[in-house]
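Number of protein chains: 2
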Amino acid sequence: MERTTISYDKLYGYMVNMLEKGLKYPRESAEITAKVLVEADARGHASHGVARIRMYHDEVSKGLNHPEAAAEIVHETPISLVINGNSAPGFPTSKFAVEKTIEKAEANGTCMTAVRASCHFGMAGYWAEQMADRGLIGWSFTNTLRASIPLFGRERLLGTNPICVAIPTGRKPHFMLDMATTTVALGKIEVAARRSGVMPIGWAVGENGKDTENAVEIAKISRFDQSPYGGQLFLGGATETLGGHKGYGLGLLVELLTSGLSLGTPGYNSYQKRSDMNHYFQATRMDLFGDAKEIKNHIASIIDRIKNSPKAEGHDRIYIHGEKEFENREKSLKEGIWLDPATWLRLDEYADMFGIEHIVP
Amino acid sequence: MERTTISYDKLYGYMVNMLEKGLKYPRESAEITAKVLVEADARGHASHGVARIRMYHDEVSKGLNHPEAAAEIVHETPISLVINGNSAPGFPTSKFAVEKTIEKAEANGTCMTAVRASCHFGMAGYWAEQMADRGLIGWSFTNTLRASIPLFGRERLLGTNPICVAIPTGRKPHFMLDMATTTVALGKIEVAARRSGVMPIGWAVGENGKDTENAVEIAKISRFDQSPYGGQLFLGGATETLGGHKGYGLGLLVELLTSGLSLGTPGYNSYQKRSDMNHYFQATRMDLFGDAKEIKNHIASIIDRIKNSPKAEGHDRIYIHGEKEFENREKSLKEGIWLDPATWLRLDEYADMFGIEHIVP
Numbered sequence: 601m602e603r604t605t606i607s608y609d610k611l612y613g614y615m616v617n618m619l620e621k622g623l624k625y626p627r628e629s630a631e632i633t634a635k636v637l638v639e640a641d642a643r644g645h646a647s648h649g650v651a652r653i654r655m656y657h658d659e660v661s662k663g664l665n666h667p668e669a670a671a672e673i674v675h676e677t678p679i680s681l682v683i684n685g686n687s688a689p690g691f692p693t694s695k696f697a698v699e700k701t702i703e704k705a706e707a708n709g710t711c712m713t714a715v716r717a718s719c720h721f722g723m724a725g726y727w728a729e730q731m732a733d734r735g736l737i738g739w740s741f742t743n744t745l746r747a748s749i750p751l752f753g754r755e756r757l758l759g760t761n762p763i764c765v766a767i768p769t770g771r772k773p774h775f776m777l778d779m780a781t782t783t784v785a786l787g788k789i790e791v792a793a794r795r796s797g798v799m800p801i802g803w804a805v806g807e808n809g810k811d812t813e814n815a816v817e818i819a820k821i822s823r824f825d826q827s828p829y830g831g832q833l834f835l836g837g838a839t840e841t842l843g844g845h846k847g848y849g850l851g852l853l854v855e856l857l858t859s860g861l862s863l864g865t866p867g868y869n870s871y872q873k874r875s876d877m878n879h880y881f882q883a884t885r886m887d888l889f890g891d892a893k894e895i896k897n898h899i900a901s902i903i904d905r906i907k908n909s910p911k912a913e914g915h916d917r918i919y920i921h922g923e924k925e926f927e928n929r930e931k932s933l934k935e936g937i938w939l940d941p942a943t944w945l946r947l948d949e950y951a952d953m954f955g956i957e958h959i960v961p
Numbered sequence: 601m602e603r604t605t606i607s608y609d610k611l612y613g614y615m616v617n618m619l620e621k622g623l624k625y626p627r628e629s630a631e632i633t634a635k636v637l638v639e640a641d642a643r644g645h646a647s648h649g650v651a652r653i654r655m656y657h658d659e660v661s662k663g664l665n666h667p668e669a670a671a672e673i674v675h676e677t678p679i680s681l682v683i684n685g686n687s688a689p690g691f692p693t694s695k696f697a698v699e700k701t702i703e704k705a706e707a708n709g710t711c712m713t714a715v716r717a718s719c720h721f722g723m724a725g726y727w728a729e730q731m732a733d734r735g736l737i738g739w740s741f742t743n744t745l746r747a748s749i750p751l752f753g754r755e756r757l758l759g760t761n762p763i764c765v766a767i768p769t770g771r772k773p774h775f776m777l778d779m780a781t782t783t784v785a786l787g788k789i790e791v792a793a794r795r796s797g798v799m800p801i802g803w804a805v806g807e808n809g810k811d812t813e814n815a816v817e818i819a820k821i822s823r824f825d826q827s828p829y830g831g832q833l834f835l836g837g838a839t840e841t842l843g844g845h846k847g848y849g850l851g852l853l854v855e856l857l858t859s860g861l862s863l864g865t866p867g868y869n870s871y872q873k874r875s876d877m878n879h880y881f882q883a884t885r886m887d888l889f890g891d892a893k894e895i896k897n898h899i900a901s902i903i904d905r906i907k908n909s910p911k912a913e914g915h916d917r918i919y920i921h922g923e924k925e926f927e928n929r930e931k932s933l934k935e936g937i938w939l940d941p942a943t944w945l946r947l948d949e950y951a952d953m954f955g956i957e958h959i960v961p
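For the record, the sequence lines run as chains A and B. In this note's numbering, each number is its position in the first sequence, counted from 1, plus 600. In this note's numbering, each number is its position in the second sequence, counted from 1, plus 600.
Note that these hints are calculated values from the structure, not bench results. Computed from a predicted structure; not experimentally measured. Every residue gets a Cβ at the ideal spot worked out from N, C-alpha and C, and that includes glycine. Hints should not be assumed to be uniformly reliable.
Residues from chain B that keep clear of chain A, each with C-beta distances beyond 10 Å, as calculated [stated by the list, open to error]: (1) T605; (2) D609; (3) E628; (4) S647; (5) N686; (6) L745; (7) R794; (8) S796; (9) V798; (10) E855; (11) G914; (12) K931; (13) D952.
In silico DMTMM-like links for lysine to aspartate or glutamate, alpha-carbon gap of 20 Å or less [what the hints assert, rightly or not]: (14) K810/A x E913/B; (15) K896/A x E790/B; (16) K635/A x E620/A; (17) K788/A x E913/B; (18) K700/B x D887/A; (19) K911/A x D825/B; (20) K635/B x E676/B; (21) K893/B x E676/A; (22) K907/B x E840/A; (23) K907/A x E813/B; (24) K907/A x E807/B; (25) K924/B x E840/A; (26) K810/A x E807/B; (27) K873/B x E668/B; (28) K911/B x D825/A; (29) K810/B x E672/A; (30) K907/B x E807/A; (31) K924/A x E840/B; (32) K911/B x D887/A; (33) K788/B x E840/A; (34) K911/B x E807/A; (35) K893/A x E602/B; (36) K810/B x D916/A; (37) K772/B x E807/B; (38) K700/A x D948/B; (39) K911/A x E913/B; (40) K896/B x E676/A.
Please construct the entire structure, taking both the sequences and the accompanying hints into account.
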């Protein structure tokens, strides 16, 4: 029988086991990692879901990160933290960092946290959401593996460097902007490569730094790091006409706030001896600005005014950031999480490698 | 003899006089307003320069703001401020807000400041730069007059809502990202309207919410607020293909941090009885993250690595945000500030209105 959906709890339990048995993650690390991956699939973001077992396995087997390592605080004030991830997996490190950030913010009003020598932490939104769930404004930035081209350059020096900000609205969902600063995720270029081989202008430039529609070339360059040249573009593309300098500026801002403030390894030197990702978190209590409930209501009213405004021809809904993911998650909890056929097969592949039974919904 | 350039000090002095005599700004308000306007022209941002005397005159003469009013603190903690601008001009209000923000940040590590009932504060970069000049990381956001369309909508509900972040690098210039979250400034659409009448797809949508190249229509709608429908697009344009949901998300984020946190009037209700702009500032001490000098050096090294990387075909320079403005300013200080012919004439027009002699370089 073809496998399609699976319950949240079952997938979560299976992934905890995979990570513990297969990757030798300590139990707690396996739990938070499984949690964030399953949350991504539940929200419809398969790009950050359980199929990433491959990436996390690669990192461990190449010695780029060390499941038994643990993050530590290397500098702190009442409103700030610097954390050295010591090349432990990015999920337990981020859990530690975000919990400490929340603790300080609740006690002292805000906390800003720079993390170095971490690894991939999954979707940025999960971490900002932890803060918003406690009524805090949550910021979550990370640099990533080099993927993208500074405007007018041709060397891949920056990552997809996402920005995430979650603002409580007094109801669910929070306002939650969670965006790569590149035009699209690499996953979209790979899909285009598999399907038609071409992609829209504005997604990437070739090795000469000029616009390209050749998705096959860019997918190959990016995935296998075959050449230092050519790669993804930031929001606004390769010219100033559509604001390419702005998207590139946002990507660079994320790099400076993550690897810059943490004294971490910049994205262009990452994944050599260690994974070396760097994050920046900020949590801020809303009552710094007065009555938190009144502020949340005001924010909700602005959101409602926009949602309820007239729609463009051919559209019947204006989305607020966070809504799609929230609705997908509700559906997944009710009907099960849908995984695509390739993901089911990948789970089997790694189960075989780890000597674990195949997952059965 | 045709007027072309003028010395910084002469233009500044002239503008102080214009604002004091013509708009009845108190001396200190005239000084900070003239300063920020002249700084914009010196940096090559004529859109935010002295030609804006028209806009500030309009606001005062329509009673939308009150030069004799003064901003006041309505809520504070050791690391936050809420300021009511009381419809005073935006420049003295922002000067007050930023000075207080810097004071608290220097004493307590950081300060986040929400400002309501302010007016237009000129270029966002000036304010973030004040913080960076003191070695602080400076954030400066503002909402603006309604100009832009939420993705899949057709009503102008959001402004051009700029994001500015300045990060000290231990040398000049700072890293300084100062960007409207819309694809371009309205000024660019007006220039396109005057020249060819057409603009690139991705800058705006018409009254039906669909892509348009008709710059004349959009310039008219936006400048005279003739219809609530049609207007500018956010970075990424009118579709998700090039990331329109991301630009729209950034614009909405700015609205929520400015009018949301300050309990201010949202952009879509501004410029009715009062100007009603709202700002958000944040200043953060770099030693929250360790040795500030070491961090600045590390940030400078990341910037240098990017600047010195190979260039795309047809380009000979990769810019870092803040460089162009810094270089323009150096040139203006040496050679004088260049004003375009329309700006010279506008200054004369208002000088006549105010009974002041024409400006002579």
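We went through each hint and held it up to the structure:
1. At roughly 25 Å, the least C-beta separation between T605/B and chain A is larger than 10 Å, which holds for a residue marked as non-interface.
2. Non-interface call for D609/B relative to chain A: holds, since the shortest CB-CB distance, roughly 31 Å, exceeds 10 Å.
3. Even its closest Cβ contact with chain A, about 27 Å, leaves E628/B beyond 10 Å, as expected for a residue assigned away from the interface.
4. Look at S647/B: its CB is around 15 Å from the nearest CB on chain A, clear of 10 Å, so calling it non-interface holds up.
5. The claim that N686/B is not at the interface with chain A holds, since no C-beta of that chain comes within 10 Å of its own (minimum 17 Å).
6. With a cut of 10 Å on Cβ distances, L745/B stays outside the contact zone with chain A, its closest approach being about 16 Å.
7. Non-interface call for R794/B relative to chain A: holds, since the shortest CB-CB distance, roughly 18 Å, exceeds 10 Å.
8. At the 10 Å boundary, the C-beta of S796/B stays outside the reach of chain A, the nearest C-beta of that chain being 14 Å off.
9. Distance to chain A confirms V798/B as a non-interface residue, since its nearest Cβ pair spans about 13 Å, more than 10 Å.
10. A beta-carbon of chain A comes within 10 Å of the beta-carbon of E855/B; the shortest separation is about 6 Å.
11. Some Cβ of chain A comes within 10 Å of the Cβ of G914/B; the nearest lies about 8 Å off, and the non-interface call is violated.
12. For K931/B, the condition that its CB be more than 10 Å from all CB atoms of chain A holds, with the nearest at approximately 20 Å.
13. Under the 10 Å C-beta cut-off, the non-interface status given to D952/B relative to chain A holds; the minimum distance is some 37 Å.
14. A C-alpha spacing of about 7 Å is found between K810/A and E913/B, which places the hinted pair at or below 20 Å, so the restraint holds.
15. The hinted pair formed by K896/A and E790/B fails the criterion: a straight-line CA distance of about 37 Å is larger than 20 Å.
16. About 13 Å separates the Cα atoms of K635/A and E620/A, which keeps this hinted pair within 20 Å; it holds.
17. At most 20 Å may separate the alpha-carbon atoms for a hinted pair to count; K788/A and E913/B exceed this at roughly 26 Å.
18. For the suggested pair K700/B and D887/A, the alpha carbons sit about 19 Å apart, so the restraint of at most 20 Å is met.
19. A threshold of 20 Å between alpha carbons decides the hint, and for K911/A with D825/B the separation of about 19 Å falls inside it, so the pair holds.
20. Under the criterion of a C-alpha separation no larger than 20 Å, the hint pairing K635/B with E676/B is inconsistent with the structure, at around 28 Å.
21. Proposed proximity of K893/B and E676/A is supported: the alpha carbons are some 17 Å apart, at most 20 Å.
22. Taking the CA atoms of K907/B and E840/A, the gap is near 17 Å; set against the 20 Å cutoff, the hint holds.
23. For the hint linking K907/A to E813/B, the alpha-carbon distance of about 26 Å lies beyond 20 Å, and the restraint is violated.
24. For a cut-off of 20 Å, the pair hint linking K907/A to E807/B stands: about 17 Å separates their Cα positions.
25. Between the alpha carbons of K924/B and E840/A the distance comes to roughly 14 Å, so the proposed pair stays at or under 20 Å and holds.
26. The hinted pair formed by K810/A and E807/B fails the criterion: a straight-line CA distance of about 34 Å is larger than 20 Å.
27. Distance restraint check for K873/B and E668/B: the Cα-Cα separation of roughly 17 Å lies within the 20 Å cut-off, and the hinted pair is therefore satisfied.
28. Under the criterion of a C-alpha separation no larger than 20 Å, the hint pairing K911/B with D825/A is consistent with the structure, at around 19 Å.
29. Restraint check for K810/B and E672/A: not satisfied, since their Cα atoms lie roughly 52 Å apart, outside the 20 Å limit.
30. In summary, the hint linking K907/B to E807/A is supported, as the alpha carbons are separated by about 17 Å, within the 20 Å threshold.
31. A threshold of 20 Å between alpha carbons decides the hint, and for K924/A with E840/B the separation of about 14 Å falls inside it, so the pair holds.
32. At most 20 Å may separate the alpha-carbon atoms for a hinted pair to count; K911/B and D887/A exceed this at roughly 48 Å.
33. A distance of roughly 12 Å separates the Cα atoms of K788/B and E840/A; the hinted pair therefore holds under the 20 Å criterion.
34. A hinted pair counts as satisfied when its Cα atoms are at most 20 Å apart, and K911/B with E807/A qualifies at roughly 10 Å.
35. Proposed proximity of K893/A and E602/B is contradicted: the alpha carbons are some 59 Å apart, above 20 Å.
36. Distance check on the hinted pair: K810/B and D916/A sit about 13 Å apart at the alpha-carbon level, within 20 Å; holds.
37. For the hint pairing K772/B with E807/B, the CA-to-CA distance comes to about 45 Å; that exceeds 20 Å, so the pair is violated.
38. At roughly 60 Å between alpha-carbon atoms, K700/A and D948/B are farther apart than 20 Å, so this suggested pair is violated.
39. Distance hint between K911/A and E913/B is unfulfilled; the C-alpha atoms sit about 41 Å from each other, more than 20 Å.
40. A hinted pair counts as satisfied when its Cα atoms are at most 20 Å apart, and K896/B with E676/A qualifies at roughly 18 Å.
Going through the hint list in order, the structure does not satisfy hints 10, 11, 15, 17, 20, 23, 26, 29, 32, 35, 37, 38 and 39.
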